[in-house]
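Read top to bottom, the protein sequences are chains L and R.
Going by this note's numbering, the residue at position 261 of the first sequence is 261; the numbering climbs one at a time, nothing skipped.
Going by this note's numbering, the residue at position 127 of the second sequence is 407; the numbering climbs one at a time, nothing skipped.
Keep in mind that the hints were calculated from the coordinates and are not lab data.
Please note that a few of the clues may not be correct.
[Unchecked claim] Per the computed footprint, the stretches of chain L lying under chain R, defined by three or more beta-carbons under 8 angstroms from a beta-carbon of chain R, are: (1) 31–39; (2) 265–278.
[Unchecked claim] Within a straight-line C-alpha distance of at most 20 angstroms, the following computed EDC-like cross-link-like pairs (lysine to aspartate or glutamate) qualify: (3) K7/L to D447/R; (4) K432/R to E14/L; (5) K7/L to E412/R; (6) K443/R to D266/L; (7) K7/L to E397/R; (8) K441/R to E79/L; (9) K312/R to E14/L; (10) K441/R to D5/L.
All C-beta atoms, glycine included, are put in the ideal place defined by N, C-alpha and C.
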Amino acid sequence: MTEQDPKISRRYRELGGEEPPRALDQAILSAAHRAVEGAKHARAAPLVAPGGRSRWYFPLAAAAVIVLAVAVTVHVQREQPDAEAPGEVLMRDRAAVKPESAPQPAPARKLQEFTPDPKTVPDSTAASRGREIQEQQPAASAPAEASKAPAPPTPATDEARMKRDEAALAGARDAARKDAGRAAAAREQAAEQASVQAAPTAPVAAAAKPAPALLRDEVARQSSALAKFTAHSPEQWLQGIADLRRQGRHGEADKELAEFRKRHPDYRISESMLEKVEKK
Amino acid sequence: MLAYRGGDAGAFDTLYRRHRGALYRFVLRSLKHRAAAEELFQDVWMRVIEARSRYAPQARFTTWLYTIAHNLLVDHWRKKGLALVSLDTEDLPSESANPARQAEAREALARFMQALEALPAAQREAFLLHEEAGLTAAEIAAATGTNEEAAKSRLRYAMAKLKAAVDD
């Protein structure tokens, strides 16, 4: 290699090995150590309050986090009663009913025993069969009495009560649907200023409301009814009064109706239900 | 340097001991003024300390160190109104070429020193990088921001002139 010449290198070395002053060495080395120590401290305490314009960053961030946490907590607390899904209520309801209705074949047999002649029974639906059982065993079948006096239920009365409750629920649903239909029709009527007689039927309600909204209402109504099913809902209560009325126990029915109106002063009883519960 | 970057202050001591003499002489013989050389020497190490977190071992640490030194030298020359690159041409005869120094130049060492000082800045830098830092032509090119052929050429010219001074 042409760049390499030992003679030149030797002569260059003879110039002397000058070194930097000791003070300069110390200054550089201490600066290097200080830099490393400073970096370590900065890493160890990352929440050191910054100075200058960014001094208020940490307090502001802390305040924002606290406000957010409080807002979320309040929101969650408010939403909690509605958070229970209809499916969960249904499951809970079924779980409550299941132990009572575990021996299923027995009720069927008992039903046959209590039914005098299956051929003579005009309505063969479960609800009507349940009502017949109620008539034969009034003490166990009356809903108001059943709720007041929790006697140990027999499978037959359970079945009957379940059927009656289902019928009550269906009746309540129908009534609610009719109410909704009537309201929609009234709105339509007022808007058009027409003197056409309103037809409070479900199709009208369906026409007045978009399908998703109807579906949502239906789900909400069902979930609401199911949630109150075990807690003596107004519809159930009214159905019980209607049953009392049908059985001719008008005194009890009047008393129950008065109590119902005291408890639910703002509840709108549908006309069909009103016919059943009021004294004629 | 990687150890120092990771927080090992002792690693810097080792690096500094290894390079302090050579770098100091490189700066001193490039500037010829002790005070300015000491200041620039300190600046080089401060840059090393500051840039530790950005250090990536793409080349030898020595090359990186002398690249920093070269950049600071360029800044220094620029402040003085001179350009390192333009000094590829021959320097004007320095004051050391006066009759008194010529008389002293009989001594070989003095002649060699005179020849070194008389070298164009770029050639002197190439020679000093080669002698003090032990850089190859390619590494000199990398440190000074030029191509390898130019670095080789500068080194060859510097050697030829110094050889003439030694042979005299």
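Hint check against the structure, violated hint numbers in rising order: 2, 4, 6 and 8
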